[in-house]
Each structure stands twice: as structure tokens, then as C-alpha cells.
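Participant: Protein chains in written order, with the working numbering: chain A, 1 to 355; chain B, 356 to 749; chain C, 750 to 907.
It cannot be assumed that every hint is accurate.
Claimed, not checked - Among the chain A residues that face chain B by a calculated CB cut under 7 Å, a handful are:
| no. | residue |
| --- | --- |
| 1 | Asp79 |
| 2 | Lys82 |
| 3 | Lys156 |
| 4 | Trp316 |
To be verified - Listed next, the in silico DSS-like pairs over lysine-lysine satisfying Cα-Cα at most 30 Å (straight line):
| no. | chain 1 | residue 1 | chain 2 | residue 2 |
| --- | --- | --- | --- | --- |
| 5 | A | Lys156 | B | Lys433 |
| 6 | B | Lys726 | A | Lys332 |
| 7 | C | Lys902 | C | Lys848 |
| 8 | B | Lys703 | C | Lys846 |
| 9 | B | Lys668 | C | Lys902 |
| 10 | C | Lys772 | B | Lys565 |
| 11 | C | Lys900 | C | Lys845 |
| 12 | B | Lys433 | B | Lys563 |
| 13 | C | Lys902 | C | Lys844 |
| 14 | B | Lys703 | B | Lys726 |
| 15 | A | Lys156 | B | Lys468 |
| 16 | B | Lys676 | C | Lys847 |
| 17 | A | Lys54 | C | Lys845 |
| 18 | B | Lys563 | A | Lys54 |
| 19 | C | Lys779 | A | Lys54 |
| 20 | C | Lys794 | B | Lys563 |
| 21 | B | Lys729 | A | Lys156 |
| 22 | C | Lys794 | B | Lys553 |
| 23 | B | Lys581 | C | Lys848 |
It is worth saying that the hints were derived from the structure and are not from the lab.
Think of the CB as a built atom: it goes at the ideal place given N, C-alpha and C, for glycine as much as any other residue.
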Amino acid sequence: MMMIPLNITKTIHDWLYSVMPENAASITEMLLIAIAYLALFAVAGLYLVLLERKVAAWFQLRLGPNRVGPFGLFQTMADALKLLSKELTSTDKTDKFLYNLAPFFVITTSLIALSVFPFSKQFQAFDINIGVFFLIAVSSIGVIGILIGGWSSNNKYAMIGAMRSGVQTISYELSVGLSIITMVLLTGTLQLSEIIEIQRTGGWLIWQGHIPAIIAFMIFMIAGTAETNRAPFDLVEAESELGAGFHTEYSGMKFAYFFLAEFINMFIIASIAVVLFFGGWLSPFGITEGITWFPEVLWFLIKVLIIIFLMMWFRWTFPRLRIDQLLTLEWKYLLPINLVNLVVMAIIIWLNLTF
Amino acid sequence: MRPISYRDCERNITLEPGTQNMKPETINNNFKTEEYFVNMGPQHPAAHGVLRLILTIDGEIIKNVEPDLGYIHRSIEKMCERDSYQQIVHLTDRMDYLSSHINNEAVCLTVEKALEIEVSERVKVIRTIISELTRIASHCLWWGVMGMDVGALTTYFYGFRDREMINDIFEETCGARLTMNYNIPGGLMFDIHPNFVKRTKDFITHFKTKLPEYDRLLTGNVIFQKRTKGVGVLTKEDAISFGTSGPVARGSGFANDVRKRHHYSAYDRVDFKEALFTEGDSFARYQVRIMEMWEAMKIIEQLIDTIPEGDIKTPTNAVIKLPKGEYYQRVETARGELGVYINSTGTKNPYRLKFRSPGFSNLSVLDHITKGAKIGDLVATMASFDFVIPDIDR
Amino acid sequence: MSYFSDIYNGIKTLLTGMSVTGKYFIHARKGSLTQQYPDNRETLKMFDRFRGEVVMPHDENNEHRCTGCQKCEIACPNGTIEIIWDRGIDEETGKKKKKIDKHIYHLGMCTMCGLCIEACPTDAIVWAQNYENSVYDRTKLSKVLNQPGSKVKAGIED
Ligand code: SF4
Ligand code: SF4
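Here chain A stands alone, though its shape is the one from the complex (with noise of 0.2 Å):
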């Protein structure tokens, strides 16, 4: 367990040790890092929820939520309220323990996922050596949840939402992988912070591999949105044929952890992309690199937002995609171009084009 060396952190750190057996410190330090996570990422998936409202009104020339709060900045606070205070129902003939456990299985593996980020130098819960091995590998967990909370609803539309959504993610978790192999071939290392401590000194990846990293780019871009069923490959709730999908039955909290994880789902897609194009929370050509006062995770931050916007963009331009169109794209549009990537990255790595 890596630890956060900030001040406050290693003092409490400390103190921590001071006062405890050490088997007892480690374990009570886990604790106060997964709740800080939780509230972290509970009250930064509410206002991602809140972006996306507003940027969706003002693509569609409305003002967005403002009445809670000012530019109602308290809006999905107050919704997270009422979906707390709403009764939990659910039909007679549900599975009751597939049904009650697939919401939780979704929200953790997307909370699981987000404790390997590295947000600045210091701020990482858990840098382990197989980093982006162990993202690819929890992400692809989370469909399970969405595969038993639609099975389990015994809803004919949840069915079908599901079992399309298990298509969907089985087959673009090949591409996500594979473009993320591309640019790991150019960094050699699977741990996060040292692949953004390589784009310190040769620039961002996508200069380093250019077309190969471009091209890598875009696919995870359309994969990733595909992971996150989000429009336009948002087949699986898609409500114009399906109601509401796979979480048609599910009401109040239930509910809101479908919804707050596919937005930490985002979010982590995004997150993603900007360590492995982008440089995670490297200053664009480092300058704020010795302002030692300067949070780095602000850069984190801005970038994340701008490819989210992008995907926010996807989402309210694009129609839909029929599940034959969205399967002929992955495998006779995105795989091969993949493959070939992937080849043209090797051989450009191999004559040492890279920037």
C-alpha cells in the first residue's frame, strides 16, 4: 500500500502509528483512504451529472438546471435526496438476491477502478506495477452487474438491454484493450506513474507516437463510449426502444448507483485517456513545472473535463446505432484497423521514429 506522503496525510499517518498496534494502523489508514475515495468520488459523480445537464441544455438552447442553489449548483444534490427518501420497490418475481446485489456490484467496480489513478505525483491510492492491466481488467467486471440486474428483474425490456449490453462490452473491451496495448508498447512499463514520469521528459504520448497514437486515440475514444454505454452506442438503456433498459424496475438509490456509475465510468474512461495520450497531470509543456505550490491535479482535472466534454458532445449530437451497425464497427471497422495499429506502432518503435 502506497501512501499519500502529503503533509496533513503523514501526519495523521504518523499519529496513526503512534497510537496503534501497526497491523491495526494499516488496516484503520485503508479505511479513512476507501471512505475518503467514496465521498470523493460520490459528491464528484453528482457534479458530473450536473455537467452533463447543463451542457446538454445549452447544446439544446435551454438554461439547464437553476433554481437549487446558485446556477443550481445544488440541483443533483437535492435528486440524490429524493432518490435516498424514495422507497425501494420491486416486482414479485424478481431474483431478490441478484436483484439487490447488481447495483452494488457496478458502482464498486467502477470505485475499485478509480483507486489506481494517479491525480498528481503524490495523490494515488494504490500504484501497483500491472496498473493498466489491473483498469482493463476491473472495468470489464462491471458488466457483470448489469447483466444479473437485468436477468434479475424479470423484465422482458431489462432482458434485452442487458443481453445487448453483454454484447456490446464483450466485444469493445477488445478494442479499448488493444489501443491501450499500442501505446504500452510505446511506454514499456504497465505502472501509471512511471508511464506518465516517461511523457515528463519526451512530451505526451500522442507527440511521442503521433500517427499510430492518434489513430489509438481516436479508437479508445469510440471504444471507451461504447464501454460506458453512452450514446450514440447507448443501446442498453436506449429509451426509445427499451424504456428505460436494463434498470427499468430499479427505483430510488438503486437506481442512482446505475446512474452515478456510469458517470464515474466517464470518468474513468477519461482519465485513461488523458494518462496514456495526454500525460496525466503534467503541465502542458511543463509550464507550471517549478511552481512547487501549483496542484498538479488541477491539470488532471482540466483535461479529464475537456475529454468528457467531448463525450457529452457524442452524446447529444449522434443518433443511435443498431446493435448490428455497433458490432460491423468493432469487429470489421475498429478491430482490424486496431491490429494494424498496433503493427505500424511496433515497427515504429523498432526504426525508432518517435518523437
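For chain A, the structure is supplied; the task is to place chains B and C with the ligands on it using the hints.
Facilitator: This is chains B and C with the ligands only, laid out in the frame that chain A set:
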């Protein structure tokens, strides 16, 4: 085939004998697949109201579509037998509410035909202009909803923005935005508002810049084209034999525009092209409507500057009694051909009144052309048909 | 080859679409169409022909123009208007004359078709432009249009 009842759906019985044969003969018992029923509607986002489609689905593939009607049946035809001819007009507002003015006009034209009265040129021109504005308003809404049904949510708001301008014109002239009731047998209820001409011209200039934007946002979009091209193909033969009309028929190359073939109001003196495409798929129907918007603007432009002077109503008796006989008049609403049949026995109420609504016959082809398609195709096809459920049920 | 041109054209159309929404995003502030309804009550003005509700205007002497001819009641397609009338003695001529006791209007049933106003020979009823007609109790929607103690203006004949 007897109609499928709710009970049957619960029991999951496949009723149509033909569908039994669709199952593969050699069924591997471990992976036995089953067709199942899904009720799409009456409360479903793609149903645009309370249309219930009973789908027989095999996975994502649609085997059978059975529309179940009657959820918004208000027996308008029966109510008409009770009402006087002036009162009938306002009931037709509630049929196809998106082209309410054209519905009104249909009834008024029938009554005028029966009474053999001629309305003034001014009335004819104003009726034509407002009809075309109604058509644009209806198509604007359809465009937004079409985008929404295939997943592009933003189109809805752009479509509504332009529709609102037309609604404002209507509201200024006749006081209502949707259920206008501006026509009366013998003319119009009152004259157009002094601002009408200016506002209409403003709208045309505005809309001429916005319609190309529609094309850039949705028509050209590769995903949209993939979703609609070759989807729900209706051949010309089927279009004729199923009695379709309006953009649905014209998307299949069946030229049946009532405005062109059976002139009424001022359509005989304007020059416009009948939107005609031959592919017969959802995209062709889409293009017909986009082109109709252009043509409607052309018609309005030809008439708006030269609205002739004249009486706004031709006087009729306070109690209209149609002479004994049968009368029929058709008009082209935004959805297709609306026919009004009046059977009069010479009293102040019709003995029987029948509306031949475009939506009802258009709906009948839905099952035929969506067999074997995916659920997403069904939604796209339905969107391209532009159903208004009260028009189907009445 | 068409494989690659498909990709190229596809991406181009997608970018064109994005440019349209992007343009509106940039002009979001001034392009917004939202009407913040309860806040803009002061500036929200209905068109003068707007059909809000049928009213019977009275002048300063508490006189209206309704003769009680019941034409509006007959014209109304759904029985929204009920007229309770009486026969009174006309002061000038001394003849018996129809006059209204109550002109009852059920706003809840009205379809705003305007036929009653068309039918009225003396323009006794007109459209009002109010638009906030919701109430908590349905019975409040049944209104008596003539004010208590009012009488028909002299010289109004149908
Ligand atoms: S507007 Fe129509 S429905 Fe309302 S009172 Fe007058 S005639 Fe009756
Ligand atoms: S309101 Fe007009 S139509 Fe109705 S009773 Fe009075 S005068 Fe007659």
C-alpha cells in the same frame, strides 16, 4: 386470425399458425429458443401516445407486429352525429392535432360543397397559407421526434424552436396554438391579424437558414443514414394496395398528393413540386418530408404578398341543413389523405359522418414491412411514419 | 478502397453534425429559448386574440350587453354555457322582455372553440387573455359571468 387478447399475451401463446414454422425443426434441447411477446406501449416512449404494439420477438428479430388500437378512442364520428355542422369543426381539431387547421378545412370544404357556396378568394388563399404553415409545423415536430427516436436527442429542441414561431403566428391570428378552430363553414371565423403577413415572412426567412442546418445535423449523418436507409422498405405495389397516403406513399413512388391531383382551396394557382422518392425506405420518407417543408415555403411565398381582398365569410344560415345526399371531400394533411364523408338526411345533423384518416391506413402496413427487422428498425420505421395516435383512433 | 472512403466520409459527416451543435453551445447564453415562466409573469404578454376564458364585460354602471337570447348556449358544442333567464317588464316600453338571471359558464368544460362568441349577436361575451386558470377545487371553475345586480344596457336588442 382472431385478435390477440391480453390474456393470450400473458399465456405467451403464439396464435398465428405461420409463426410456428419459423422455429428451427431440429431443436437442440439445451439451447431451446423461444419467441416471446413484448407489449410495446400503450405507455412507451416510441409509441408517441397510446398505441400498443404487440410484438412477437425472437431475440432482437421481430416476427410479428400486431397493433392494438382503441386506447384513445373518443368516438368523434358518433359525436359528430349529435352536433351541428358548425360544431363538428372543432371536434376535428382533436383528431390529428398536429394538422388541426387542415382537418377543419376538410369539414368546411365538405359542407361548402354540399351547400354549393363559393368562398371568396381571400378565404381560399388564407386557408392555403395557414395549411402550409401547419404542414411545416407538423413536420418540424416530426423531425425532432424522428431524431429523438433514433437517439439524437438534440433535434427535438431545434425542431420545436421553429415550430414555436409558427405557433406564435397562429396564436396571434386565431387565439389558439394547437386546437385552432379557425375555419367555419363558409369562410373563416375572423380576418387575419395585421401582423400575420410580416410574421410569416419573418418565419420564412428564419426557416430558410435553419432547414439546411437540419440536413447537416441529421440527414447527412452517417449513423442516421445507416439507421434509416433500406429499413422498412415499402414497395410501390404495397403502398397502393394497403391504401397508404401522404409522405409514406410518396416515399414509395406513389404520387398521390391531393393538393396536386384534386385541387382545393388555392392550390390550383400555385406552383410546387410533389415530393416523390422511389426507394420506399425510412430515409425516403424522411426526405419526402424535408422536401415538403421546402415546397410549403415555396407555396407560402407565392401567396403571401398577394392575398386578395374579399369577404371573410360567405353568409350561411345560422342552422345549417345540408340537402339530402352523400358528400365526400379529401384534403392532404401533414400525414396524408384525410377524407370526410357526410351522409345527410336533410336535418341539421349529419346522419353519418366518417373520417378516412391517413394514420389508420398507414399503420396497417407496419406489420408487413417490419417483419424480420430489429427492434431498432421498428422504432425508426415508426418514426418515419409519423403517427399521431388520436388520428388513428379518433 | 471504398472501405477507407466510407470511414473518411463517415467521420466527415459526424464532424459536420458536431459543428452544428457546437455552434449552439458557444452561443448558448443568448440563444436560450427557455422561458422562466413564473418569474417572467410581468413581461409575459398574451396576444390580444388569445383565448383564455370567456368573460362578459360590464361597464361602469354595472351594465352588460347580454339580452339572454341563448344563442351562445345553443352554439356551444358541449353544454359549457347555461343561461337561467327570466321575463321582466321593460321600464320604457312596458312590454315583457327576456332577461338573464344567471349566465353560467363552466370553464372546466370549455374547449375554447370560440363558437359562442361568434354566435352572440350583441357581443356581450368576449375572450379574456388570462392564462392562469388552475384552481384547487373544481367547483370554482363554474362561473357566473354577469355580476350581481347588473342589468342589460339600454337599447340592446338582438
Ligand atoms: S368557447 Fe366553445 S366550448 Fe367554450 S363556451 Fe364558447 S362555445 Fe362553449
Ligand atoms: S351572451 Fe350573447 S348570445 Fe349569449 S345570451 Fe347573451 S346576448 Fe345571447
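Participant: Are the hints correct? Go through all of them and say.
Facilitator: Each hint, compared with the structure:
1. Asp79: Violated - the Cβ of A/Asp79 stays beyond 7 Å from chain B, reaching only about 19 Å at its closest.
2. Lys82: violated, 22 Å
3. Lys156: With a closest approach of 5 Å, the A/Lys156 hint holds.
4. Trp316: At 5 Å from the nearest chain B Cβ, A/Trp316 passes the 7 Å test, so the hint holds.
5. A/Lys156 x B/Lys433: violated, 39 Å
6. B/Lys726 x A/Lys332: This hinted pair holds, its Cα atoms lying about 26 Å apart.
7. C/Lys902 x C/Lys848: holds, 11 Å
8. B/Lys703 x C/Lys846: Status holds; Cα separation ~29 Å.
9. B/Lys668 x C/Lys902: holds, 29 Å
10. C/Lys772 x B/Lys565: Holds: C/Lys772 and B/Lys565 sit about 13 Å apart, inside 30 Å.
11. C/Lys900 x C/Lys845: Given that 30 Å is the threshold and the Cα spacing comes to 15 Å, the pair holds.
12. B/Lys433 x B/Lys563: Roughly 43 Å separates the two Cα atoms, so the pair is violated.
13. C/Lys902 x C/Lys844: holds, 16 Å
14. B/Lys703 x B/Lys726: The given pair, whose Cα atoms are some 48 Å apart, is violated under the 30 Å limit.
15. A/Lys156 x B/Lys468: violated, 53 Å
16. B/Lys676 x C/Lys847: Given pair B/Lys676, C/Lys847 holds - Cα atoms ~28 Å apart, limit 30 Å.
17. A/Lys54 x C/Lys845: violated, 70 Å
18. B/Lys563 x A/Lys54: Holds: B/Lys563 and A/Lys54 sit about 29 Å apart, inside 30 Å.
19. C/Lys779 x A/Lys54: holds, 15 Å
20. C/Lys794 x B/Lys563: The given pair, whose Cα atoms are some 28 Å apart, holds under the 30 Å limit.
21. B/Lys729 x A/Lys156: holds, 15 Å
22. C/Lys794 x B/Lys553: Measuring from Cα to Cα gives roughly 19 Å; hence the hint holds.
23. B/Lys581 x C/Lys848: At roughly 70 Å apart (the allowed maximum being 30 Å), C/Lys848 and B/Lys581 break the hint.
When held up to the earlier numbered hints, the structure conflicts with 1, 2, 5, 12, 14, 15, 17, 23 and fits the remainder.
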